[in-house]
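Top to bottom, those sequences are chains A and U.
Per our numbering, residue 2 is the first one in the first sequence, and the count goes up by one each step.
Per our numbering, residue 2 is the first one in the second sequence, and the count goes up by one each step.
In case anyone wonders, no lab produced these hints; they're calculated from the structure.
It cannot be assumed that every hint is accurate.
Partial selection, computed: residues in chain U whose CB lies under 8 Å from chain A [said to hold, decoys possible]: (1) Phe42; (2) Tyr45; (3) Asp49; (4) Lys58; (5) Gly165; (6) Phe167; (7) Trp180.
Simulated restraints on C-beta separations [stated by the list, open to error]: (8) U:Ala43 - A:Glu67: 21 to 31 Å; (9) U:Lys151 - A:Lys151: 55 to 65 Å; (10) U:Cys78 - A:Gly175: 46 to 56 Å; (11) U:Arg60 - A:Asp152: 25 to 35 Å; (12) U:Gly175 - A:Ala125: 15 to 25 Å; (13) U:Thr176 - A:Asp118: 19 to 29 Å; (14) U:Arg60 - A:Ala125: 33 to 43 Å; (15) A:Lys117 - U:Arg64: 34 to 44 Å; (16) U:Tyr45 - A:Asp118: 44 to 54 Å; (17) U:Arg27 - A:Glu67: 22 to 32 Å; (18) U:Glu160 - A:Asn190: 31 to 41 Å.
The beta carbon of each residue, even a glycine, is placed where N, CA and C say it ideally should be.
If you want the building blocks of each chain, they are given just below.
Number of protein chains: 2
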Amino acid sequence: MDFWFEFASTYSYPAAMRVEELAAQRGIKISWRPLLLGPIFAEYGWQDSPFNLFPSKGRYMWRDLERICQDQGIAFCRPSEFPRNGLLAARVACRFADDPWLPSFVRAVYRSNFEKDLDISTSATVAHCIASAGEDPATVIKEAQSTESKDMLRAQTEEASRLGIFGAPSFVVGTELFWGNDRLENALNWAAEHHG
Amino acid sequence: MDFWFEFASTYSYPAAMRVEELAAQRGIKISWRPLLLGPIFAEYGWQDSPFNLFPSKGRYMWRDLERICQDQGIAFCRPSEFPRNGLLAARVACRFADDPWLPSFVRAVYRSNFEKDLDISTSATVAHCIASAGEDPATVIKEAQSTESKDMLRAQTEEASRLGIFGAPSFVVGTELFWGNDRLENALNWAAEHHG
Numbered sequence: 002m003d004f005w006f007e008f009a010s011t012y013s014y015p016a017a018m019r020v021e022e023l024a025a026q027r028g029i030k031i032s033w034r035p036l037l038l039g040p041i042f043a044e045y046g047w048q049d050s051p052f053n054l055f056p057s058k059g060r061y062m063w064r065d066l067e068r069i070c071q072d073q074g075i076a077f078c079r080p081s082e083f084p085r086n087g088l089l090a091a092r093v094a095c096r097f098a099d100d101p102w103l104p105s106f107v108r109a110v111y112r113s114n115f116e117k118d119l120d121i122s123t124s125a126t127v128a129h130c131i132a133s134a135g136e137d138p139a140t141v142i143k144e145a146q147s148t149e150s151k152d153m154l155r156a157q158t159e160e161a162s163r164l165g166i167f168g169a170p171s172f173v174v175g176t177e178l179f180w181g182n183d184r185l186e187n188a189l190n191w192a193a194e195h196h197g
Numbered sequence: 002m003d004f005w006f007e008f009a010s011t012y013s014y015p016a017a018m019r020v021e022e023l024a025a026q027r028g029i030k031i032s033w034r035p036l037l038l039g040p041i042f043a044e045y046g047w048q049d050s051p052f053n054l055f056p057s058k059g060r061y062m063w064r065d066l067e068r069i070c071q072d073q074g075i076a077f078c079r080p081s082e083f084p085r086n087g088l089l090a091a092r093v094a095c096r097f098a099d100d101p102w103l104p105s106f107v108r109a110v111y112r113s114n115f116e117k118d119l120d121i122s123t124s125a126t127v128a129h130c131i132a133s134a135g136e137d138p139a140t141v142i143k144e145a146q147s148t149e150s151k152d153m154l155r156a157q158t159e160e161a162s163r164l165g166i167f168g169a170p171s172f173v174v175g176t177e178l179f180w181g182n183d184r185l186e187n188a189l190n191w192a193a194e195h196h197g
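Chain A extracted, bound-state conformation (with noise of 0.2 Å):
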């Protein structure tokens, strides 16, 4: 099953938080797929997060997240910016998606963010990550922001598009699109019956 993340999107924080177990207990493997919303979101002309630009939206979203939080077991602290820009980790995640260590450096950043309330746009608070995950900050991020990462991130998008993404998290198996935290477990019981 391909999930594909967003750092800066709030349902994706669960689904971040939980995949990795749920996928391993019914022994489906998982890829890891960063995306970027910012050029999605533009082609609808949005130039913000819909939760900022729709207030209603957005006060209920923040209630339901720390609602799906609590009964989850997941802790949450509200960030005191939104959003922030995950493009420094997004590049990292893309580059070094088939590595051992990257569920921990997602996890990681998903927690600096919605748990920890660090501001995810640094290298600073990106290089804490990578040492959490035990590999070297400086050598993961000047790969990271190499021309070959950043153009394979602007392609990882570009697909995203294709595949009629149009926000995070998202899941595909097969030619099966499912959207947001909620349907994290349709997703994975669809990738056991038909792809098992």
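Once you've looked at the hints, dock chain U against the given chain A.
Relative to the frame of chain A, chain U by itself:
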């Protein structure tokens, strides 16, 4: 629990088909509260359904709804027109919200639109739904078209907006808002735990 719904709304369909039985299982009373999404979407600058305005989202929704209905054993046929105007049906549902035949009428309207592909904007279809719920169509429609009934639905839609409702279905329990067919069980569980 207040169940807010719009007859044109796709995800309101499975919610409307399920809500009465699920609420009864938990001993929870439902208030049936139709609203019009048109005026609410207009505040966002949308003159059409977001599922038409944002094609990727629309394509996804139709497939997602099909999967949901299949999972939940609800008949579904994608309507040949979308969205259909549910104004008359909403006036009926608003005016007769507390009548015992109302839930049957609501389900008949949803099935007309999303199972039988009938035009629910016509008084012929609405009349048929009223008759199927055991009432006299002419009497009910006349009353639903009165100035008082029209004002009642307008005021109820304004109330929805004040409550922070931005889409349908929505469920309100005390001060808690839940949005989407996905949240029906959460809302009922909340009602059972906090207002039992």
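What are the numbers of the hints the structure violates, in ascending order?
-> Violated: hints 1, 3, 10, 12 and 16.
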